[in-house]
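The chain contents come next:
Protein chains: 2
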Amino acid sequence: MVAEEQITAAAVLIGNELLSGSVKDKNLHYIATSLLNAGITLREVRVIPDDCEAIVDAVNTLRASMDYVFTTGGIGPTHDDITAECIAKAFGRDLIQHAETAETMRAYFTSKGVEANDERMRMANMPDGAEPVRNEHSVVPGFRMENVYVLAGVPSVMRSMMDAAIPLLRRGRPIYTSSVRCDLQEGSLARGLADIQNAHPGVDIGSYPLSKAFNYDVSLVVRGTDEALVAQVIDAIVVLIGQLNGSVLERH
Amino acid sequence: MVAEEQITAAAVLIGNELLSGSVKDKNLHYIATSLLNAGITLREVRVIPDDCEAIVDAVNTLRASMDYVFTTGGIGPTHDDITAECIAKAFGRDLIQHAETAETMRAYFTSKGVEANDERMRMANMPDGAEPVRNEHSVVPGFRMENVYVLAGVPSVMRSMMDAAIPLLRRGRPIYTSSVRCDLQEGSLARGLADIQNAHPGVDIGSYPLSKAFNYDVSLVVRGTDEALVAQVIDAIVVLIGQLNGSVLERH
Chain B
2 MVAEEQITAA
12 AVLIGNELLS
22 GSVKDKNLHY
32 IATSLLNAGI
42 TLREVRVIPD
52 DCEAIVDAVN
62 TLRASMDYVF
72 TTGGIGPTHD
82 DITAECIAKA
92 FGRDLIQHAE
102 TAETMRAYFT
112 SKGVEANDER
122 MRMANMPDGA
132 EPVRNEHSVV
142 PGFRMENVYV
152 LAGVPSVMRS
162 MMDAAIPLLR
172 RGRPIYTSSV
182 RCDLQEGSLA
192 RGLADIQNAH
202 PGVDIGSYPL
212 SKAFNYDVSL
222 VVRGTDEALV
232 AQVIDAIVVL
242 IGQLNGSVLE
252 RH
Chain P
2 MVAEEQITAA
12 AVLIGNELLS
22 GSVKDKNLHY
32 IATSLLNAGI
42 TLREVRVIPD
52 DCEAIVDAVN
62 TLRASMDYVF
72 TTGGIGPTHD
82 DITAECIAKA
92 FGRDLIQHAE
102 TAETMRAYFT
112 SKGVEANDER
122 MRMANMPDGA
132 EPVRNEHSVV
142 PGFRMENVYV
152 LAGVPSVMRS
162 MMDAAIPLLR
172 RGRPIYTSSV
182 RCDLQEGSLA
192 RGLADIQNAH
202 PGVDIGSYPL
212 SKAFNYDVSL
222 VVRGTDEALV
232 AQVIDAIVVL
242 IGQLNGSVLE
252 RH
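Chains as they are written, first to last, in the working numbering: chain B, 2 to 253; chain P, 2 to 253.
To be clear, the hints were calculated from the coordinates, so they are not data collected in a lab. Quantities reported herein were computed from a predicted structural model and do not represent experimental measurements. Honestly, I wouldn't trust all of these hints.
[Unchecked claim] Cβ pair distances, simulated, as ranges: (1) P:E251 <-> B:R107: 47 to 55 Å; (2) P:Y217 <-> B:E101: 21 to 29 Å; (3) B:A100 <-> P:Y217: 25 to 33 Å; (4) B:A65 <-> P:G114: 50 to 58 Å; (5) P:D52 <-> B:D129: 34 to 42 Å; (6) B:T34 <-> P:D52: 44 to 52 Å; (7) B:R174 <-> P:C53: 18 to 26 Å; (8) P:K113 <-> B:A65: 48 to 56 Å; (9) P:D52 <-> B:R192: 32 to 40 Å; (10) P:V240 <-> B:L211: 46 to 54 Å.
[What the hints assert, rightly or not] With a straight-line Cα cutoff of 25 Å, these simulated DMTMM-like cross-link-like pairs (lysine to aspartate or glutamate) come out: (11) B:K25 <-> P:E251; (12) B:K27 <-> P:D218; (13) P:K27 <-> B:D227; (14) P:K25 <-> B:D184; (15) P:K25 <-> B:D218; (16) B:K27 <-> P:D184; (17) P:K27 <-> B:D129; (18) P:K25 <-> B:D68; (19) B:K25 <-> P:E86; (20) B:K25 <-> P:E132; (21) B:K113 <-> P:D218.
For each residue, glycine too, the CB sits at the ideal point set by N, CA and C.
Work out the full structure: start from the sequences and follow the hints.
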């Protein structure tokens, strides 16, 4: 286990469609890698329905224990888009129309010949005290309320909002990752790997069989904030693979 | 909102690799659709690291409030596979070797000329009182401890264990899903959709823009346990699309 202080984050993916299998999540992986690259440790993800109690519960639990919380989904114009009002509820704030955002949106809709109806203009609503997270993709922003970043669910829009959020975050020490894939079984590697992990508490070693439990194809991933140590542990794993008469298939 | 009593479930996806972006989750969608087909409502998913405290916390919170909990990941032979011992801890049970499972595994390993070393045999460990979830894919089973089903993380193995678990579950009323895709914007549909939702509290209507917020491509999904009502609500949405001069692109 990496013992030094970490900047931590959680993500809350909001949407009945993810829980019913109607839509496959495409956001978790982008959030995970964006945070990793910023040296921020993603500690937990929750997938919850479009249900106010569930949203308030998840956000209030996680914002108390994490440096940052990112939500995705439920900020569009339809009746099932309830995230903004639930975030306001979680913080005990009023939901207000963000004046500058409303003005920009109205101008944009007018220029496109699209009606700035009440439903579309709901997307300018934020909890009192929130700041818009403006982004390259859309005139409709996400928003930040204290340490909670509220992002869209549609992957292309979410990515753009996440990219806009990243420069606003406190960054941790970069986390270095290195991996080696080999033609051995996990059960053959396990004892030696445990010895290497115990000898190097400054890194995390993960072992991931790539297809099925008894296949001969395992990826070993080493992560840590000390780049030289990560490289040294990968070297030790490569030596172990050789001792077990295995071959390295790939190394990154 | 569908008001009638539901059989509920949660999933806990365990693995540092999911949170660091090293591995993309491939299990959530299969779990979601398997449960939907069994009439069981997946209410929450948590993705957590290979960390005993996080596993105990998530499992104990969710097993108290849900009919079923499914975990994936962390039941292999390597040092980072700590799920079985953490489930035992969550239930206040000892971790024991399941005798019959150990015997089957040892016979299998011997027949394959693979060493039945301590690390491989760890996969026969379960909390005292657990029952193996035997499956088509692998001689190593998952296990059930009360209402918690502990499954593998490797997708092919997980699927096989999930398929083995499904017949053991109490089933709810089937949930019917119907959807229609059209060439309108969410912002144009929103008012009419909200009216239809309000008039039909027996179904859930979800609205999912398929690419970006201002694109003209929205999927409307209706779900509920009353098949005729689901069909009737889809018909009402098709009428709404026509009234707004839109076209139906696809209907399921």
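Each hint, compared with the structure:
1. As the Cβ distance of P:E251 to B:R107 is approximately 33 Å, the hint placing it in 47 to 55 Å is violated.
2. Checking the proposed 21 to 29 Å range against P:Y217 and B:E101 shows it holds: the Cβ atoms sit about 27 Å from each other.
3. The hint said 25 to 33 Å for the Cβ distance between B:A100 and P:Y217, and at roughly 29 Å that hint holds.
4. Between B:A65 and P:G114 the beta carbons are some 53 Å apart, a value that agrees with the proposed interval 50 to 58 Å.
5. Our hint of 34 to 42 Å for P:D52 and B:D129 holds, since their Cβ atoms are close to 36 Å apart.
6. Checking the proposed 44 to 52 Å range against B:T34 and P:D52 shows it is violated: the Cβ atoms sit about 20 Å from each other.
7. A C-beta distance of roughly 25 Å is found between B:R174 and P:C53, which places it inside the suggested range of 18 to 26 Å.
8. A beta carbon spacing of about 50 Å between P:K113 and B:A65 agrees with the range 48 to 56 Å that was offered as a hint.
9. Between P:D52 and B:R192 the C-beta distance comes to about 22 Å, which lies outside the given range of 32 to 40 Å.
10. At about 50 Å, the beta-carbon gap between P:V240 and B:L211 stays in the expected band of 46 to 54 Å.
11. A C-alpha spacing of about 19 Å is found between B:K25 and P:E251, which places the hinted pair at or below 25 Å, so the restraint holds.
12. With a CA separation close to 18 Å, the supplied pair B:K27 and P:D218 stays within the 25 Å bound.
13. Restraint check for P:K27 and B:D227: the C-alpha separation of about 30 Å exceeds 25 Å, so the hint is violated.
14. The hinted pair formed by P:K25 and B:D184 meets the criterion: a straight-line CA distance of about 21 Å does not exceed 25 Å.
15. For the hint pairing P:K25 with B:D218, the CA-to-CA distance comes to about 17 Å; that is within 25 Å, so the pair holds.
16. Under the criterion of a C-alpha separation no larger than 25 Å, the hint pairing B:K27 with P:D184 is consistent with the structure, at around 23 Å.
17. For the given pair, P:K27 sits about 38 Å from B:D129 by alpha-carbon distance, which is inconsistent with the 25 Å threshold.
18. Only pairs whose Cα atoms come within 25 Å are accepted, and P:K25 paired with B:D68 is accepted, the gap being roughly 24 Å.
19. With a CA separation close to 31 Å, the supplied pair B:K25 and P:E86 exceeds the 25 Å bound.
20. Simply put, B:K25 and P:E132 have alpha-carbon atoms about 31 Å apart, too far for the 25 Å limit, and the pair is violated.
21. Between the alpha carbons of B:K113 and P:D218 the distance comes to roughly 17 Å, so the proposed pair stays at or under 25 Å and holds.
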